[in-house]
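Asks: Protein sequence lines correspond, in order, to chains H and C. Using my numbering, the letters of the first sequence map in sequence onto residues 60 to 958. Using my numbering, the letters of the second sequence map in sequence onto residues 60 to 958.
Calculated directly from the structure, the hints in this document are not laboratory data. Warning: the hint list may mix true and false statements.
Given that identical chains are not distinguished, each listed pair holds provided it fits within a single copy or across any two copies.
Unchecked claim - With a cut-off of at most 20 Å between alpha-carbon atoms, the simulated SDA-like pairs for lysine to any residue come out as follows:
| hint | residue 1 | residue 2 |
| --- | --- | --- |
| 1 | K860 | F735 |
| 2 | K457 | A481 |
| 3 | K537 | D731 |
| 4 | K80 | N290 |
| 5 | K860 | G596 |
Protein chains: 2
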Amino acid sequence: MAKKYVYFFGAGKADGNGKMKDLLGGKGAGLAEMSRSGVPVPPGFTVTTDTCRYYYSHGRRVPPELQAQFKDAMRKLEKVSGKGFGDPENPLLVSVRSGAKFSMPGMMDTILNLGSNDAVVEGLSALTGNPRFVWDSYRRFIQMFGNVVMGIDKSEFERAISAKKREKNVELDTQLDAADLRDLVARFKKLYREKTKEDFPQDPWKQLVLARDAVFKSWNNDRAISYRRMNRIPDDLGTAVNVQTMVFGNMGDTSATGVGFTRNPMNGAKEFFAEYLTNAQGEDVVAGTRTPKHIPQMAKELPECYAQLKSITSRLEKHYRDVQDFEFTVERNHLYMLQTRTGKRTGMAAVKIAVDMVREKLISKDEALLRVEPDQLSQLLAPVFDESQKKNATQVAKGINAGPGAASGRVAFTAEKAVELAKSGPVVLVRPETNPDDIEGMNAAVGILTAIGGRTSHAAVVARGMGKPCVVGCQALKIDPGTATMAVDGHRLKEGESISIDGFTGEVYVGRIPTIPSEIVRVLRGELSHKDSELYGVFKEFMGWADAARKLKVRANADIPRDAKAARQLGAEGIGLCRTEHMFFAEERLPLMQQMILSDNVVDRKKALDKLMPFQKEDFKGLFKEMRGFPVTIRTLDPPLHEFLPKTEAEAEALSKKIGIPAQTILAKSRDLHEFNPMLGHRGCRLGIVYPEITEMQVQAIIGAACELAREKIRIVPEIMIPLVGHKNELKHQKDLAIRTADETMKSYGVKINYLVGTMIEVPRAAVTADQIAREADFFSFGTNDLTQMGFGFSRDDAGKFIPAYLAEKILKEDPFQTLDQEGIGKLVEWGTSQGRKVKKDLKVGICGEHGGDPASVKFCHNVGLNYVSCSPYRIPVARLAAAQAVLESKKKSEYSSK
Amino acid sequence: MAKKYVYFFGAGKADGNGKMKDLLGGKGAGLAEMSRSGVPVPPGFTVTTDTCRYYYSHGRRVPPELQAQFKDAMRKLEKVSGKGFGDPENPLLVSVRSGAKFSMPGMMDTILNLGSNDAVVEGLSALTGNPRFVWDSYRRFIQMFGNVVMGIDKSEFERAISAKKREKNVELDTQLDAADLRDLVARFKKLYREKTKEDFPQDPWKQLVLARDAVFKSWNNDRAISYRRMNRIPDDLGTAVNVQTMVFGNMGDTSATGVGFTRNPMNGAKEFFAEYLTNAQGEDVVAGTRTPKHIPQMAKELPECYAQLKSITSRLEKHYRDVQDFEFTVERNHLYMLQTRTGKRTGMAAVKIAVDMVREKLISKDEALLRVEPDQLSQLLAPVFDESQKKNATQVAKGINAGPGAASGRVAFTAEKAVELAKSGPVVLVRPETNPDDIEGMNAAVGILTAIGGRTSHAAVVARGMGKPCVVGCQALKIDPGTATMAVDGHRLKEGESISIDGFTGEVYVGRIPTIPSEIVRVLRGELSHKDSELYGVFKEFMGWADAARKLKVRANADIPRDAKAARQLGAEGIGLCRTEHMFFAEERLPLMQQMILSDNVVDRKKALDKLMPFQKEDFKGLFKEMRGFPVTIRTLDPPLHEFLPKTEAEAEALSKKIGIPAQTILAKSRDLHEFNPMLGHRGCRLGIVYPEITEMQVQAIIGAACELAREKIRIVPEIMIPLVGHKNELKHQKDLAIRTADETMKSYGVKINYLVGTMIEVPRAAVTADQIAREADFFSFGTNDLTQMGFGFSRDDAGKFIPAYLAEKILKEDPFQTLDQEGIGKLVEWGTSQGRKVKKDLKVGICGEHGGDPASVKFCHNVGLNYVSCSPYRIPVARLAAAQAVLESKKKSEYSSK
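Sequences and hints are given; from them, build the entire structure.
Replies: Put into C-alpha cells, the structure is as follows:
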C-alpha cells in the first residue's frame, strides 16, 4: 500500500488523533482529536510533515503518491460538506494553514477563502444576498494569495486600497461598497499580473496546489529559520499543511455566528454565557456594529443548534477541565465549532470558578490554586466604578495603571489643598509627580494621578501601599501649578472640579463616576457580614488552601497602625518593613525633624530628637499592638536629610516663622545638603554613622515601646533593621550602638525583652560580601528595589527615559522594577543568601520592597530558600497565592523529572 | 650549671646573637647582634623570655637563680660603662624596656633614667653643668615609673604640671626652669606617696627589680592580650626585659649628639649626610632651637668619633644593604649608636639609590625594583616650587593634594577667563568644582584649585590625566562668582591676582612662587638632552628593569594626540580608554553637539552628527598616528546629554544666537533632560540604544580614520568599547550596529581593517552576568570607578559628606575611589574575569579608570590575571613599576611557600 500522506477529519471522524503531533503537526492533531470526539469542526484534511521532509530531500518535489491522495481528500471534503470546489452554485471554499509540531509564528500566514474566482463570487453573492461581503472576501483572498504565495509586497495592495479611498473621498475600508470592492478586485488582479507576469489563477485546483507548496517553502524562509534557531527547534521536523472548509454564518436566517463562555467570565457564575447574531459574520458580533442577541433567544430561533451547542460546550469544559471561550458558526442549520480555548476571566470569576470546580470534583485543590493568576486577586480588593453611571463622565486621557481600583473626587493640586478639600468630600490628588512631602495629601485623597513616573514611582509605590487607586505617567495632563489649573484633551479643570480615575486601566475621566467598594474589603473591614457575601466565603476558602500549601511566610510593609491592621486582615504574618521616615512628615513632627537637621551641633540635635522620641515610641506601640504575636521589622532612618527641608524661599519663610531660624540659614542648609546623586548619597546607615544620635533615638523608641507593652503583657520581638549596609563595619558600628542603647533602655524600664538587629541587603557590595556581613547580622532582608537600581545602574526616577525603548527593542523582557531580574539581580539574592547561610546556617532571610508582591518574584524567593516576603498590605493575598503556587510548581517539576 | 637567664651585650661582645629572638626577644637579639658586630651600642643585658614563662608558671615569681645573674650583669655593666649604679659622683642610669619575639605595641612603655634619685640628681647636675636637664630627666623618670610600674593615672601628673605652669603664668613646659622642675619633683613624690602609700624608692636596685617585674606583668595586661588576639600571636611566648645604659650628649664639649643618613635622602647622592650638636641632647638637633652643625665640622671637633661614625655607618649600610637613617651620641669622647633604621627618601633619591646599589653590586635588580614605592615615581615627573623663592608668598590654606606638582599663576574663576588670561601668562583655574564645560579652561591653566570634591572628583581626575598640579576640596576658600573674588584666611583675591598651589602637599599660597619643571619631563619632551641628565639615565635604566620584570601591559587613558604623545614617552603600550565626549566641548563642535541634542527627530540629529563626524575622524587619526603599532580603545559616548546643554537663561540666550533655536526651547530641553540621579540615568550605551545614530557616527569616524591611515600604510586595530553595559542584549544591540556600520564604512573606503568590539564592565550586573556578556564581547575593560560607585552605592560627587567619617571611624581602611576595594569590588572584578574566560578562554581583560594608576590596585590586577591596566599618562611609570613588583612579590611568596 502506498504511504499515507493525507489525513482526513470531519463529520465526527478522523484518520488521525491528538497524539500524532509529529506527523500531523499540533494543529492537525488537534483538529483530528476534536473531530473524533464529536465536536463538529468544519471538515478538512492534513498533509503530513513527512510530505514536507520528502519535499526537501527530493529537490523540492512532493511525493508522486500525494497527488491522488490529495485529490481523494478534496473529493471527500466536497462530499462531506455537500459543496463543490469551484462550483458557483454551491461553492466549497477552504482555508490553507501551516502547522508544525511546535507553534511557529515565524511561518506562513493563513490563506482564507481559497477556491474563490470570478464565477464563484457571482454565485456566492446570490447565495448569501450579501455581495459586499463576497467581494470583500474575494479581494482579501487575492491579497493574501498574492502576498503569501507569490511574494508580492503587502504595501502594493495597501496602496491600491488607499487610492480607491481617496477617489471615493472616504476614510475607512468599511465605507467602500460592493461596487468599490469589485473595482478593487479588478485593480488587484491587474497588480497581480504586473508583478507575476501571469493572470490571477481562476482554477481552484491550481490555487490549492500553489498554496500547499507555498506552505512547504515557508518552512525554510528567514523568519522561520531564525525563529527555530532562537527557540531551539530542530530544522528537520518539517511542517504539515491543513486544508479546512470555510463556513459562513451569513447565508440567511438559518445561519448564525456567535461567541461565548461556559461560565460567566465576569463573576464566575455557573451559567451559559454567550451572544450571537443570525445571518452574520464573526466580525459583526465582536465589532459592535449590530447588537448581538443573548443566547436564550437562540433556543427559540435555532433550537436544534442551540441544544447541540450547549451540550458540546459543556462536554468541552469537562474535557479540558476549565472554562471554555468558544466561537461557533451555524451555516444553514449546521453547527460548526470554530474555536475553543481556555476562557479569560476576571479575578473574581477566577476564584469563584476554581472553588466551584473543586466542589464539583472537576479539579483538585492544587489545580484550583494554579488556575488563578496571583495578580488577579488584587482585583478582588479594589473599589470599582459603578458602570451604570459612567455616562456622566468623559474619558480624556490614559496613563499607566499603577494602583488597582477606581476613584472619583475633586481635584487638588497640592497636598495641603487635598487635606483641606478632603474635609468636605473625596479628593483626587493630581501632581506632576509626588515626593515624601505629599504623604499627608496622599493620605487624605481617595486616588492619586500624576503626569510623570512609572509603576514604581513614589506615587505608585505609596498609593499601592495605601491600597489607593493610582494612575501615573499620564503625559497628556498639562498641570499649571501657578494658576492651579490643568488642561487635558481640550478640557480645562480648576481645583475643586471633578475627576475620576480607573487604576485598573489607567483611564482618566472628567466628571464624577461613583465607585463601589470591593465586597471583600467591606467584609474584612466589618462593614458587611461575611454571611452576606458569597464571594467572601469563596475567597476565604481559596486563600485557606493557599496558606496550607505555601512554605514562604508573607509579611507586610506598613508604617502606621491603620496599614498594619489592614495587613493583618489580609493575612500578613508580621511586618517586614516599617519605614520610620514616614512618621516624620506629620504636621507636629516635621518642624522638630527640621530643627534637628538644622542644628549644627550634637547637643541641639539631641534636644530636637528627644522631642521626637515620644512620637516614634507611640507609633511603634500602635504597630506592635496590631501585630501582637508577630515579628515587626523596623528600618532606621533611610532618606537623605534634604528631603525634609524646604526648597523654595516661600517654604523657608514659612518654616522660619515656625521654628525661629532665619530663612536664609534654612535655604543655605538645604543647598548644602543638595546632592548630585541622592540615591547614592548621604542616606541609609550613612546617616546613623555620621549622626549616631539619630539611631540612638530610634532604638530608644523601639525598645521603649516594646518594654512598655511588655508591662501590659503584650510580648513582641522587634527586629531593628539597618539600611544601605555595604560593608560589615557599617553594620557593626550601628549594631554596637543599637545594642548599647537597647541595654540602657531596658535597664531604665527594668524590663528585659528579646530583639534582633539585622540589615537590608540592597547594596551590591553587601550581597557580594554577605558572608562577612552575616557575622554581624541576626537577619537579612533583601531590598531589591535599591539592589535593582544599583545592580543595573538604573535610577528608578530617571529610567523612564530609556526603559520603554529597552522593552520595545526587547533588550529587556520586563521592567526589572516590576518583576525581579532573576538572572542578574536574582543571582545577587541567591549568592547573598547562600553566602550568609554558610556563616549562619539558620539565618532568617526575607525580601521587602515592591518585588515582594510580584508573583514571579515571590516564586523566585521560594525557590532560592528565603523565609519570607514582605509587600504592601493589598498585595498580601497575591503573595500568599504565589507562594503556594511556587510549592505546587516545584512539586510538579520534580514529579516530571522523576518520571 | 645553673640555667642562664641573663644575656649581656656591650663593648664589642655579646652573650647572645641575632638569631636568638625566641629567647631574647626581637630587641634583645638585635642589640646582641649589633654589639657583636662591633657597633658601639650603649651596653646592657637582656633577661630572657624563659624567665617570663617561669614567672607565669610559678605563681608570678622569678626563678631563684635569676637574682645572682641579674646582680652580676649589673656589676658588669658598671664595669663596662665605668659608672656606678646609684653613685652620685658618676651615676649609671639605665633604660628598661620590654621586648617579645614579635613587636607588640600593646605592651609596657619604656622607662628611662632609672637609677635616678635625690643624690644622683645633685651629682649629675654638677657633672653636666645642666641642672635643668637633670631635674627634668628626674621628674620624667618619676612620672614614667609612677605610671608604668605603679599604675598611677597619667593625668594626675599632667594636672600637677599644669598647676605649676599656671602658678608661673607660663604656657610651655620648656618655660619651666631648674628650680620649677625641682619643685615639680617634690610634688610628684608627694603624689606618688598619696597614691601608693609608699615613698618613691630611692634605692636604684629596688627601682630596677620593680621595673623588671612590671615588664613581666605587662605581658598579660588587657592591651597586650587583645593585641595578641588580633595579631594571632601565641599567649605563651613571654617577653624579655632589656636593661641598657643611658648615655648623654650634653656632658660638656667632648659630648655631642647627631642624626644622619648614609646617603643624601633628597637626591640619592652617595655622600655622608648628617648634622650634630656638641654638648646637646638629641631633641636639640631635631627641635631646631639651636642650628646644628654640618658633619664635616665634626671631623675637626671630634676627629676620632667622626672617623668611627663614618666607618660604622658605612658598615651598617652594607650590613643592611640599604641607606641607614641613624642617631648617635658621643658621651665624653665615647661614640654610641642609639638607633639605625632604613632611611626614608624622596622619589628621586629612591631611584638613584636603587640603581647605584645595583651598580655597587649591593643588591640585585629585583631588590632594587622592590626598594622604590611606585607612587614615589610621580614625584620625578611633577614640577616643583623653587624653594628659595617661597618667602615671597604666604600659605593661606591646605586642601587635598590631588595632582602632584607645583603651580603658580593668576587666578581665573571661570574657564573662559582662564583661556583669556592664559594668553598673557600662567593661570590657576579656581572653581567651586569643575565639570566637563571647564575642560578648555583646565587645558589653558597650569594648575587647578577647587573648593569642593575629593581625589577622584572631576577636577582631580582630569588634572592628573593632563599631568597638572591640582588641589581640591579646599573648603577654606570662599569663592564669590558674582564679584569674581575669593576670600581665604583673611585675604581677599580678585581675578588676575597671583596664587600658588602645591599638589604634593595640598598647600595653597597667596603670591607667586616660581616652579621648576621636572628634569625627567624636560628630557622626555626633548627640552633637555638626555646626556645632560644623570637622573634621566638612572630613571631610564630603572624603568627598563621594571619593564623586563612585569607581565601586565600598561596603557594610557588619553583623549587627544598631545596626551597620547606624552603617554608614549612615559611608556604606554596603547590607549586603554579614549573618552570621546571630551572631543565635543571644543568651541566649534559644542554648538553642533547641542544642535544634535535639541533636534526632535532623527533626520535633524543625523544632520548635526554628519557635521561632527569629520572632527571626530581627524581626532582619531591623530591618536592613531601617535599610537602606531599599539591598540587604541575608544569608548562611545558616555555622559548624559544634559551635560552639553546650557543651564542658565544667559547661556541659553548666547547659544540661541549661535544656532538660531529659541532660548526657551533650549532651556525646556535642558529641564526635560534633567535627572534626579544622572549617575544612574540616561547615559552610556543607553544613549546609543535610544539614539543609534550617535553610535553610528562614532563608528564611522573610528573606522574611517583607520581606513584612511591604512591607505598611508599605517595599520592600527581600533577597539570599540561600549560603556555601561549591564545586560548582554545591550551589548548585542550596539555591537550589531557597530559591525553593520563598520562594514559599510570599510566598503565605502574599499579598505579592510581589523577591529574589535568590546565592553566596559562597570555596572555590577555586568560583572554578575559576565559569562553571558562575554559571548558578545571581544574584550572586557573594568571601569572600576563606576563599579565602585554602584557596587558601594557611593556617588563620587557626594561621598565627601560621609567618607571622611568612615575613614575616621575605621569603617573603611581606605577611600575605595583611590585604591580598589579588593574584598568587595575586587571580587566582582575577579568573578567577572573568570566567568568571562569560562566562555572565552583568551578573553582580553583590562582595567581603565583611576585604579589603573594605583599601585595596590595594579598588583591586584596582576594577581587576578588581567592583561593590562590603563591609567592617566603621568601615572604610567607608577603602573609599570607596580606591575613589576607584583611579579616579584608573587615570586617571593611562592618561594616562601615552597620552603
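Asks: So, for every hint listed, does it hold in this structure?
Replies: Status of the hints after comparison with the structure:
1. K860 / F735: For K860 and F735, the Cα distance is within 20 Å both inside one copy (18 Å) and across copies (12 Å).
2. K457 / A481: neither (25 Å within a copy, 57 Å between copies)
3. K537 / D731: Classified as between; 14 Å across copies, 32 Å inside a copy.
4. K80 / N290: within (18 Å within a copy, 71 Å between copies)
5. K860 / G596: neither (45 Å within a copy, 56 Å between copies)
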